[in-house]
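In order, the protein sequence lines correspond to chains A and B.
Residue 117 in our numbering is what sits at position 52 of the first sequence, and the numbering runs on without skipping anything.
Residue 130 in our numbering is what sits at position 117 of the second sequence, and the numbering runs on without skipping anything.
The hints are simulated quantities; they were obtained by calculation from the structure and are not laboratory data.
Heads up, a few of these hints could be off.
[Claimed, not checked] Selected chain B positions facing chain A (in silico; Cβ < 10 Å):
#1 P348
#2 D368
#3 P372
#4 H390
#5 I402
#6 A404
[To be verified] For the chain A half of the interface with chain B, some residues (derived, Cβ under 10 Å), not all of them:
#7 E68
#8 L72
#9 V76
#10 L78
#11 S81
#12 K82
#13 R85
#14 D106
#15 A127
#16 G128
#17 V190
#18 R191
#19 C194
[What the hints assert, rightly or not] Across the chosen pairs, the derived CB separations fall in these ranges:
#20 A220/B <-> G88/A: 51 to 61 Å
#21 P51/B <-> D116/A: 57 to 67 Å
#22 I47/B <-> T163/A: 33 to 43 Å
#23 M432/B <-> A153/A: 30 to 40 Å
The beta-carbon is built from N, C-alpha and C at its ideal position, and this holds for glycine as well.
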Amino acid sequence: MGELRDLYQEVILDHSKGPRNFGELAGANRRAEGYNPLCGDRETVFVRLEDDVLKEVGFRGAGCAISTASASMMTESLKGKTRAEAEALFERFRDLITGQDRENKPGAPELGKLAVFSGVREFPVRIKCATLPWHTLKAALAGEDRTVSTELTEGPKAESGGA
Amino acid sequence: MSTVLPSHAPARGGRPPLDVEALRRGFPILARKIHGHPLVYLDNAATTQKPESVIEAVADMYRRSYGNIHRGVHTLSVEATDAYDQAREKVRAFVNAAETREIVFVRGTTEAINLVAQTFGRQRVGEGDEVVVTALEHHSNIVPWQLLCDEKKARLKVLPIDRTGEVRVEELERLLTPRSRVVSIAHVSNALGTLVPVRRIVEIAHARGVPVLVDGAQAVPRLAVDVRELGCDFYAFSAHKMYGSTGVGVLYGRAELLDAMPPYQGGGDMISSVTFEKTTWNVLPYKFEAGTPNIAGTIGLGAAIDYLAKIGIENVTAHEKDLLDYATPLLTALPGLNVIGTAREKIGVLSFTLDGIHPHDIGTVLDQEGIAIRTGHHCAQPVMEFFGIPATARASLALYNTRADIDALVEGVRKVQRMFR
Chain A
66 MGELRDLYQE VILDHSKGPR NFGELAGANR RAEGYNPLCG DRETVFVRLE
116 DDVLKEVGFR GAGCAISTAS ASMMTESLKG KTRAEAEALF ERFRDLITGQ
166 DRENKPGAPE LGKLAVFSGV REFPVRIKCA TLPWHTLKAA LAGEDRTVST
216 ELTEGPKAES GGA
Chain B
14 MSTVLPSHAP ARGGRPPLDV EALRRGFPIL ARKIHGHPLV YLDNAATTQK
64 PESVIEAVAD MYRRSYGNIH RGVHTLSVEA TDAYDQAREK VRAFVNAAET
114 REIVFVRGTT EAINLVAQTF GRQRVGEGDE VVVTALEHHS NIVPWQLLCD
164 EKKARLKVLP IDRTGEVRVE ELERLLTPRS RVVSIAHVSN ALGTLVPVRR
214 IVEIAHARGV PVLVDGAQAV PRLAVDVREL GCDFYAFSAH KMYGSTGVGV
264 LYGRAELLDA MPPYQGGGDM ISSVTFEKTT WNVLPYKFEA GTPNIAGTIG
314 LGAAIDYLAK IGIENVTAHE KDLLDYATPL LTALPGLNVI GTAREKIGVL
364 SFTLDGIHPH DIGTVLDQEG IAIRTGHHCA QPVMEFFGIP ATARASLALY
414 NTRADIDALV EGVRKVQRMF R
């Protein structure tokens, strides 16, 4: 396992303490709720989608430092992107934190600031914290009116027993 | 003139106090380092570590005496059967059941509760009837009853708790009706540490003719449990939380009730004769033990009971109480720390939250210091909902924990707070 400082980088701590684009987004026409049964966290992502472009993205909810920072930085990095660009960025982000991006895939989008999440790969149980907002965004863009659960996605299984 | 002391009080000048340092040497895993730090294991409510004697008993079974039980005439089968039967007798004595046939081996507490819900429950609970649980139950004492209630169109009623995490027993009288068929309660809350007044609940329920199941998973490693003194009808617990093997649990049931219940699963060992026309069930407890059980694990449970008996469970109670009394004010003194679960009678568990810091982040930082705690909802989401929080950080104790472990926890929490300030 890696160093704590690689996980909790200053930028991540900064976003977790003062998340950007936080709160219900006025004029949102897409929204979805995400749920992580491992910690009981719930997060709602709002999108104002116009002509296939994410004009604005916001979120609400209480989560751990990783999921809050991930949501906050996601909202910033998606503004003005097309739906396809957003989904490609998620792919790249997921590859980064699951340690699958060692060789650069041609045509992959630039991660920019999101690269600070590279430390998550050394903490496998925390991968879901970082991807929760992205899965929720994906559900919102798909117009799915349902709660997405991290348990249907990547990473080790969450708790289901053991008191 | 000699004074007769109650059995749970340490005899004056008799048994020496718990020599924790010596005991710790008997748990090989405690010598491990995690991320360069000595392991501070405070996740005992999830599962306890195993002493050498339990590890040896299981290994020795496989090395020397392994065969299937109740099957063969050959030496290994006979030896395995003897050891297995001895484990049952140890369990009987451990919880002071009247007879060994009242001790049913299962996979764990969860299976024990499911067994009762699916046999006793299905037989006795019908449309419009009621099952009563408390608001502090583990999911494994909620969901089996929900499944039953869904099937039978029965109602699950909940005895509330107060803000300290104590069960509001005075509400039970009002909650019980002529339609109440079973009351199922935890002995000790896994999320809050509350010691539930089981005896009083049994008295109230029995006065109305309602049987009581007790989930003792968190109680047996910490308290002397006497099922006859408690007066309960069923008592369920797991070996792995009491220094024994995983995959083994116990259902105690009063013989009269077990006798009247249909089998849980069909298979080998639970029958006395089979033809294609008719099968006759075996006698207790075998009627409920279909298939080859976890033989070595059950031997391990027997070894764990021997281990606890040697130390004296009352000494474990006193030791864990001392640690909880030591830890609670130290943690409470940290600004921004909130203890969740402040019942007057509490044992073994210290749940808390930190203002502005998520339990998961606490857990990750502490792990880097070699400190293992549990973070999450502890399979007790209704408890979390009651306190309006998604999760807690939970430190839970065992006989091998020390004040130094608590000091490490407190120092670790300080580090967490510095990091997320």
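(request) Return the numbers of the hints above that this structure violates; sort them in rising order. (result) 1, 2, 9, 13, 22
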